[in-house]
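Asker: Here is how the chains run, residue by residue.
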Amino acid sequence: MIETIKEVINKITNPQILFPILAVSYLFVFPMNNFFEKINRKLGIYKLWTRNGGILMMSGLFAFFCFGISDPNFRKIVSKPDNVPIVGLLFLVVFFLWLSMKQAYDNDARIAAGKPPQEAEDAKEKILVWPDLVYIEFICLILCSVLLLVWAMALQAPIEEPANPSVSPNPSKAPWYFLGLQEMLVYFDPWLAGVVFPTVIMIGLMAIPYIDNNKKGSGYYTFNDRRMAVSIFMFLWIVLWIFLISVGTFLRGPNWNFFGPFEYWDLHKLEALTNVNLSELIYMIWMKKQLPSNILLREMWGFLAVFVYFGVMPLLLAKTVLKNVFKNLGPLRYSVFVILLLFTASLPIKMLLRWVFNIKYIIAIPEFFFNI
Amino acid sequence: MSKNNPSKPPKKSSGKSKSDKKIPPRPSVPPAGSSANPTSSDDKQVGVTPSQLQGKTGIVSKPITRKAATKAQTSAPEVDRRTFVKWLAIGWTAFAAVLGGYGSLVLRYLFPNVLFEPKQSFRAGFPDDYVVGEVSERYKDQQATWIVRDSEKIYALSTVCTHLGCTPNWLENEEKFKCPCHGSGFYKTGIHFEGPAPRPLERFKISLADDGEIVVDKTQKFQQEKGEWDDPESYILA
Amino acid sequence: MSGNNNMFKKVQDYIVNSQVWKAVFRTGIPRTRRQRMMVVLNGVFLHLHPVRLPKHAVKVKYTWCMGGLSFFVFLVLTITGILLMFYYRPTVEYAYGDIIDMREQVPLGIMREIHRWGAHLMVITVWLHMFRVFMTGSYKPPREFNWSIGVILLVLTMLLSFTGYLLPWDQLAIWAITVGSNMAGATPFAGTGGPGANLLAIGDVNFVTSTSDAKFAMLGGRFVGEGALLRFYVLHCIGLPFVIMIFMIVHFWRVRKDGGISGPT
Amino acid sequence: MGQDERHYNINKLNMLFAFASIALLLAIMSLFMKDYDREWKDYQTQFRAMEVEKARVKLDKETLTLEAQDEYNELVAQLEKAQAEFDAKCALTDEIKASLKEVEDQAILVEQDYKFRKAELDALKYKFEHAEAYQEADAEKYGEEFQALSERVNELGLQLEVSKQALKAKEQEIKSCGEELKQLRRSQSKIAGQRDLLQRKLDSIDPAEMTFVNQIANLVRDLPVLDLANPNNKIEQVVLKDVTDNVNFMNVPKVERCISCHLGITNPDYENEVQPFKTHPNLEQYVGKNSPHPIEEFGCTVCHGGRARGTSFNGAVHVPSSPAQKAEWEEKYGYHQMELWEDPMIPLPLTQSQCFKCHSGETRIKGADKLNLGLSLIEKSGCYACHEIDKYKHWNKPGPDLTKLDTKISKEWAYRWINDPHSFRHNAMMPAYFNQSNNSDPVSLKRSSQEIHAMIHYLFENTQPFQQAKLPVKGNAETGEELVKSIGCYACHQIKPEADLVKTDIDNLRRRHGPNLIGLGSKTSKQWLFNWLKDPTRYHPKTSMPDMRLTDQEAADIAEFLSGDKNREFDAQPVPEIDVNILNGIVIDFLKRGLTDQGARDKLAQMKLGEKLHFAGEKLISQYGCYSCHNIKGFEGAKPIGVELTEEASKSIHKFDFGFLHIEHSKHAWFTQKLKDPRSFDHGKIKAPDEKLRMPNFEFKDEEIEAIVTALMGFVNTSTVEAKKVPRTPENLIKEKGQDLIAQFNCQGCHIMEGNGGTIASTVETWLKEYEGKTDNEAATVRDSFSPPNLHGVGKKLDPEWLFNFLHEPKQIVRPWLRVRMPTFNFNVSHLNSLIQYFQAVDGDAFPYKFDPDTKMTKEEYAAAEKLFSEDYFGCTQCHVVGGKLPSGSQDSWAPNLALARTRLQPEWLIEWLKNPSALMPGTKMPTFFDPDSYEESGPEDILDGNEDEQIRVLRNFLMSLSDDTPEPEAKAKPRPKSTTAPKKAAPAESNP
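Protein chains in written order, with this note's numbering: chain A, 1 to 372; chain B, 1001 to 1238; chain C, 2001 to 2265; chain D, 3001 to 3993.
Since the hints were derived computationally from the structure, they do not count as laboratory data.
What you are looking at is a predicted structure, and each value in this text was computed from that prediction instead of being measured.
Do not take every clue at face value.
[Said to hold, decoys possible] Subject to a maximum C-alpha distance of 20 Å in a straight line, what follows is the list of computed PhoX-like cross-link-like pairs (lysine-lysine):
#1 D:Lys-3289 x B:Lys-1119
#2 D:Lys-3915 x D:Lys-3925
#3 D:Lys-3168 x D:Lys-3097
#4 C:Lys-2257 x A:Lys-126
#5 B:Lys-1086 x C:Lys-2061
#6 C:Lys-2009 x A:Lys-126
#7 B:Lys-1119 x D:Lys-3234
#8 C:Lys-2061 x A:Lys-124
Build out the structure end to end from the sequences listed, making use of the hints.
Answerer: Take a look at the structure:
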């Protein structure tokens, strides 16, 4: 029985399955528009953000780890000193997600009832910084110190064999906070995953205040007032960042193969990795022709796809789905926003292409290290 | 206080400091008996709480004073005060101890458990290895030490000339140490007798180990001009 | 008992009224409202705060205290980091042994554990701080710029952690950095493995080579070796802390100048 | 609550603060405790208690023995008396003190005055010199002043001397009074020195002996934080400059902290204590201060492995030597395997492996029996043929030459042999390639049979013609058997099946130098055996089988005897037919490597059966690496197929494929498994036939595996101990080369060399019993007389020229009574020279310097010598053979031919030998005529005035003059051969081992 459950979990946690599940369910958990909102209400998903929902989520997570810890493979991965912070991170993220969403929903309810949000209610009253704030901060610091000391006593900082440039450990992992990027390496070339994407992420983050011109929702927790912003952020933060880090930490073993949480990390496990480039797919498989020798001709379709994606899609979106957004943001903001959005979406799209069509590169010009 | 705080209007601050001085004794006055009876609220209104006093200083608006007073009515203030002091005292005592802990943590951290420096003490064989009246140069290069045995004792001489730190040579025929740099001369005992050296050579601490072997400890020095050569640690009897 | 008490009181009064005490603690015990305000105004650290705040801003539920904790953990890291520098030598010869000795020999070498876990904790608190700021919409005008500073602080935090990762000079360190630095080698135009590198050539002379690309600039060598160790050490101990301090000052300053902690308008 | 500008209840905050602070305080305190609580501190505390206990016991013993000594008691009494006397007479009275003080004060004053003036003088001197040098005006003035002052100083100097003398006299006066007391004290401390030392030690370490304050201090010094100052518990470490740890980028000095817990390691008092306090065994050899491997220079981990910096049980990476010990450690020390250290401790049974790091040149390392056994097994099994090992680079291929195979064996025999060599001969050296754990399934078995056919086809097709002489005479099996048993075949061969119970040791391995000779009748023909015995090198030019110089009759007899033994069971094994289908499969697999699928198929269709067999055979021989051990035509110069082993044990553990086997993940476990079942790492894997593991099975016994693993664990990168290696001096190199040759030619199968070998003696004993009718006891006592001689001291004894010729071609019979024969080995000139140099190096004799003393004698001398030689005196001829004249005594005590002394022995040695034979060769039968204890009276008085030296000299000269009817040895006629003027028979240097 327990073995079957483990088997099922091993299967489900495969990113090919788990990622789509997360991506789809995310739409209902953080509904972007009324359609999803309706379903959310109908299914009662919003109840997650109540006290009971919080208890349920936290205890569910806790129960999962309790269940898993009896398994030697799971225990080994989870209790690696450098992985413990990520376990902690998972609990913290779930907790704070719940905390923020609960307050947001409470406030939304108040606003719906015609009352100001809780923060506005509170803000009417002024509090002296000394002693309340200062004191509470001080206590926080002390508790934080306690946490740090206990952590330091409980876990030894890892130290492995002396550095050896001729023997690379399998798997070689980047520090955990970069594992999201390393996970992207599976789908993108290093220049994209390691350089362009981090840069875009940084610029995108910095650009948030300038794109989001929604006047509402400043200084209080709310979901209704800034549905679009919150749900996009949640996708980036929970699905593309925290989730990929967890995958990279717990589920990627030797040779960067996927391993379920209850699976033994076998060095010799092989996975079929057979990929084709878009050009090959089009010319050789669909058109049954040879690859043209001219690079530009060969990669014509790829360039076209990229052009359509970044050039035509924004216009199309502006006319259709994002009509309102375009109206709200104006052309300049909109174009920055939509480009960032498309960059964001390119990761799941590339993942899907890989999983469904085994596509490796949209544009593949290895002669110039230019692969997309 | 006004002296210390020249930027503030003196009048105000002096007034405040006056009231400040008055306050502390008052809340502490109520005897133990009254605290056992916290519900007798009428009396308590006489006892002035700090928040009321704040009101009196006139910085805070009236309604707050009133509120505070009502609050004082409902929750026994002197009990509050006692618990206040109690927990605060516990908290700060513990925190002071924590600071002490941090201090000793850093202090202890500064002294490692091992040293990578070359050892300052060395074993120099057994007393019988040395001939009476001879200056042994066995440890001159490695340890910068001469070991001398005379008719009654063995002592360890530093090979550093007291003039400018050169290493003198032992001239066996002339029975003296002669420094090649500036010509200082020392007797076998280390006493200087010629040249510019201002004082005799130094002697090192010397002792016998458990197994009877000689141990020379270079961290401890004995100087003749300070009369330290009589110290029993500066020689061993042979 | 009461005599003792009086005695105690007298001594206390004497001390509290002495010139030294007053010179140090300007405001005295902050019992009055005014004193309480003065404490905050006069203290160099406390005056990061305004004197009064709207109530929601005092609630931990609202702020999660994550910004403050991030700063506190940074201070802890600075102190433990300085102490670690007493025993650590950034050379391929000694680095590994020195770290081993932190556990085997150095008294209270647990300092290293505090430092390492503190670094992880700081990354987490910074992320959660940003999460909170986003959820409360606190980046909205007038705080747009400070959000951008915050993003820079986030990047610096991760870089600090990343540079520190190499210093133990064990397998974990060297290969994590190798993976990380290989990405730098794929920088477009500036890395030998990146697209466009071979366009930066005049005639047959290539200007982006393995000794002149982005990866080399990072490592001070073609691969992770002595040069990388020293560079990372200098960046970790001096370069990045210096930069992050400057940005932190700006960040804190802007928090106050942008109207204090965010709240509903 | 809200309106007073407060939000939180201050009391609750206070409480929260108090709790948080207390929590933090507790956290810090436990931090201190955790840091303070170290294993080594506990051990040191325990050790101190033990030390106190031991010191107490010793002190008591010492005191008791002292008090039992009269001398001591007397001394104590005297001392008491002297003390009393001293107190009465010489006590320092105030008066004396005052007078001394007066003199002292006077002296100080004078000295002070002198010093002041001296200082002024020095200053003035400088001024004067300066002024003169720069020709200043007042130079003259200074000169005068200087003159005046120096006179004054001289005067003062005199005064000073006087006052010092006075002081000295005064002091002497006081001192002399106590002189006797001092003398007594000194002699007491001489006698009771040991006790005083112990007492002093005890005072410093035993809390019971301390004052109260010191007891407190003793406690306080080890408290947390305060232990920064001067603690009892300290980490002890040794930093080794020239023994290093490899941290991949460079080698860094080892920092050894093992002695922080292993506190009694160098102290013989702790022999019976438990770990970690136990004394190291064999302190004279290891760790001890006067041993060749003192701990200050070698540390511990250079031999034992592990993490030298570790200060905890797990941190030092201890490794248990058995599952039982592992369980024990887990309970006792919380042991867990530390995976993240590449150099874990070597399990105790394998520790000898590390001797190889520095002693790798030596063929047999003294004291490392297990390692030696492992190395011997590697040599015997020919591991070095497939796996390159630096040490054995120049060794010959271990297997026989296969280029003339068709004359020796049949195809059927070859099939059965390759299929299962151990079924023919239980201890065959040829390992088994087939019927192994990865090729025993039905499909593989079928394929195997065709593979063998193909290889045999190739081998028999690629042979050279070999002319076999016909048997000239008919042999007699019984005589043959006697010959085999007596002439020395048993030094290298065995015939009877060896019981499995026989332990594998070096001696047994020497007996297995050549193959076991059972069942030879099934293998080869009488004729081939005859030809082989007559001249082995004709069939196999590089064989180590020597020429026994057999007559035709002898060779025929032996051939008759050996070929009589047949292995019927083996002969009955079926040989399957060639199956073309399976063969096609094999061929096409190989064809596909170079061709396309279709191309391969086309090619196959064109091949005839013979071609297929030839093609597959060639590929298979190269796949299995048969040519690594055997000479096979077409594979000259092919590279061996195995992994190089020179630094095998330095390879990262990650590079060992443990497959799906659940064994301990350590190198030694992997080696053990590999040797036990070489193919087992294929277990559970799906592999094509040519991807499968190929290492054959040698069917080693468990103890053999342990020995080989010991050797393998020593095959490491030695850059970390470069400075500690046995120095590569010319002498060492010569010795090592000689030892290497001795191992290759199995000299120690017959001779005892450097105290080892001579394993043939036991078979000589059997022969004596079987054929000479000796009883068990007789045979045991005389067996050494009938065994090959002990070669102890040969370098000093034998004339190098003679030795050279003898080794090359042992024509001269030194010991005619011996049945065992010194064979003619296939030595080349460089071998011969190396061996002679080796013999001389072992004896510390300079080579090739030779001193020829004058051996001429006067008539009287000759007469005297003859007398000594005669029956009346020493009776040399009773035992010694002289030319054709056999001795008169019993054969058991016969001794070498004295007629050869002139050419064979070194004259200098002969003198020493006559003087005291047993000093040169302990246990020799040669009687000692000149008793070394009473040398002056030992010689007969009536000859040469009883002058022993003279007697020995003339006797020596007499012996050197002896000759017999045997012709003058040719060596005398020729100049000493150099390597360029090699004797005809010796093969050129490069063609031989």
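Asker: Take the hints in turn and mark each one as holding or not.
Answerer: Now the hints, each set against the structure:
1. D:Lys-3289 x B:Lys-1119: 17 Å, holds
2. D:Lys-3915 x D:Lys-3925: 14 Å, holds
3. D:Lys-3168 x D:Lys-3097: The given pair, whose Cα atoms are some 14 Å apart, holds under the 20 Å limit.
4. C:Lys-2257 x A:Lys-126: Roughly 19 Å separates the two Cα atoms, so the pair holds.
5. B:Lys-1086 x C:Lys-2061: Given that 20 Å is the threshold and the Cα spacing comes to 28 Å, the pair is violated.
6. C:Lys-2009 x A:Lys-126: Judged against 20 Å, a Cα distance of about 35 Å means the pair is violated.
7. B:Lys-1119 x D:Lys-3234: 14 Å, holds
8. C:Lys-2061 x A:Lys-124: With Cα atoms ~17 Å apart, Lys-2061 (chain C) and Lys-124 (chain A) stay inside 20 Å; holds.
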